[in-house]
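A.B. asks: Chains as they are written, first to last, in the numbering used here: chain A, 1 to 415; chain B, 1001 to 1283.
Just so you know, these hints were derived from the structure itself, not from any lab.
We put the CB at the ideal spot given by N, CA and C, even for glycine.
Misleading hints may appear alongside valid ones.
What the hints assert, rightly or not - Under 7 Å between C-beta atoms, here's a sample of chain A residues computed to sit facing chain B:
#	residue
1	Thr22
2	Ala64
3	Ala67
4	Gly182
5	Gln241
6	Gly242
7	Ala338
8	Gln377
9	Pro381
10	Arg385
11	Ala393
12	Gly397
13	Pro401
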Amino acid sequence: MLKPLLLGVSLCLALTGSGFATTLTAVHVETDPGERALWDRIGKDYTAQHPDITVQFQYIENEAFKAKLPTMLQSKDPPSLIFSWGGGVMLAQQQADFIRPITAAVQPFAASLVPTAAKAFQSGGDTLGVPVLMSKVAFFYNKALFAKAGVKAADIKSWDDFLAAVKTIKAAGITPIVVGAGEKWPMHFYWSYLVLREGGADILKRAKAGEDGGFTGPVFVDAGKKLQELAKLDPFQPGYQGTLHLQAAGLFGDGKGAMQLMGNWLVNTQKNNAADSKGLSDDNIGTFSFPTVAGGKGLATDALGGVNGFLVSKNAPKEAEDFLRFFSQEKYQKEAAAKGYYIPAIVGTGADVSNPVTKSVAEDLAHATALQIFFDQDLGPSVGRVVNDISVAIPAGQMTPEDGAKALQQAFDEQ
Amino acid sequence: MLVTAAVFVPPAVLLFTLFVVVPMGEAARYSFYNWNGYGVPKAFIGVKNYLQLFANATFRQAALNNLLIIVASIGIQLPLALGMALLLARREIGSVAFRMIFFLPYILADVAAGLIFRFIFDGDYGPVSSLAQQLGFGPLYMLAAPGTAFTALIIVIVWKYFGFHMMLYIAGLQGIDRSLYEAATMDGAKARQRFWHVTLPQLAPMLKLSVFFSIIGALQLFDMVIPLTGGGPFDQTHTMVSFLYSFGMGRMRIGFGSAVGVVLFAVSVLFAFGYQRLLMRHE
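Please take these sequences and the hints and turn them into a complete structure.
C.D. replies: Shown next, in the form of structure tokens:
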């Protein structure tokens, strides 16, 4: 009885009194209370093994996080671990010399990280971060509505199959697709996937290098044309241009549309935002990958998705890397998978995902031939948001596919 | 006198310099750089941000929207406020209660008003759409098309701010000397003549002030736009400030955003000084 007390007291003294105490602050945007509790616990476990180090996870709301981070990194006391989406913002942080490469420190446990996810945090041979969680954008569909319309998801392999399915569903008096186009980015999944299917997994890399006409090349123009083809069928819910993404999730949960192209988090958001707060039951939701396009270089197994992880800030305590190793341990990440918080970017955790829909997505991710991170993250905020702009304007007939491609190239040149 | 000045002026000047002059100067400097907010601005690009800004169709639309909001404020909101003020300035049963009711929306935060009306105009679950359906029309998705979304924005602005202007006018009306009306009546002036020749001229200072507030308010409009329309659809309902936020901060183009800020600042200063010189000289 006395022993733990003494230990506790000395621990407190060690933390507060002595000058050796080190605090690792990790800033992130994750909202799930269960997930945050797990992360806090991992931090405490680490302190138990390294009494002179405390770990603090600090939540900051998504938009505020993005706006504040540049200032925080330039302050005297920047956070040690920074939540990241990889891509353009990470590269900007690297260029401004705010983060440090952690290649050697990650090497010992690099094999446990899902390779496609780890790649999102590599730049020019350097490892800049450790991936924690990943997501995939896919079509999620309402099985009951598909059955009612007589459409089989397994038959949708090509873009033409997809358009035919949309027509059939519409003919059955059901809204084929719900999309939260009011926030633009849900629509950019369509354009991104079309680009990916047309141009193959390395298309963005090639366009950035100016190959095949850069962003004005035929791949990008064609993606816009295909998106217009889809829009001509009038497949979206009425008023879709003003719908927010969580509203769209709710509409899907309410059974007001047959499918939605979204990240796998839709499995949860469709519940929370449905009118009855229950939404569709998991066994009523199916998923299929974005179809391939005729003559395209992309494979059906090339995935578009997100990878989130932590970067280490330039002057963070030297324990930061070690904590990331500790954090990435299978036992913790398996728990995150089992509790349904996220799909961990750790090899072999996919099997632990409890939700059947998420599990099939996790398996797809594990076998993905490539994982392209969201275009608006990959290209960085200034170019990425133009992708979102044109993805909404082109199908609405506000912009031609050619002008959209030009606007993108222009933004890329101006950045 | 000198001692007082020596004690009280420096803190004020210091604070003003620190929090107003320095940031403004910084913004003006950033506006000549291509800078994403990380590190220090290095890529000096001259006036390129400004050229891009003036060539930007969305910015021109945003500026036009600001102008339209001013027109709507003066053309719709002020007459409405004046009419209500004339009705409610007299001490009659219920007039105080109605003043309160019309003034209440003004107390509400813009963000809250935007969020509430986002629901009210919602095509699937909102009351406006339900009403349209009751009347035999289809569901009404006001926020899904640029024209109707902008109309919705104007409706919320008028709803929220006319009560404030009404209060200004009521205060003005109550300050008018009764004897002027008595004299006018004795001279045989009808109600309409009394309005045009007594009420309006006497109310002129308040009118000028209210127009001034309307215009400055329109130029500053931001926190209602973001929750209500987010500047959409197709970025057609932005104001200059929401444009600054979405295209400057949101896209991490701090240099470009600073250029918007500088333009906005110039417009506001020009207007404020011009207006005061031209119209409020004698007040």
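A.B. asks: I'd like to know which numbered hints this structure contradicts. Please list them from smallest to largest.
C.D. replies: Checked against the structure, the hints that fail are numbers 1, 2, 7, 8, 12 and 13, while the rest are satisfied.
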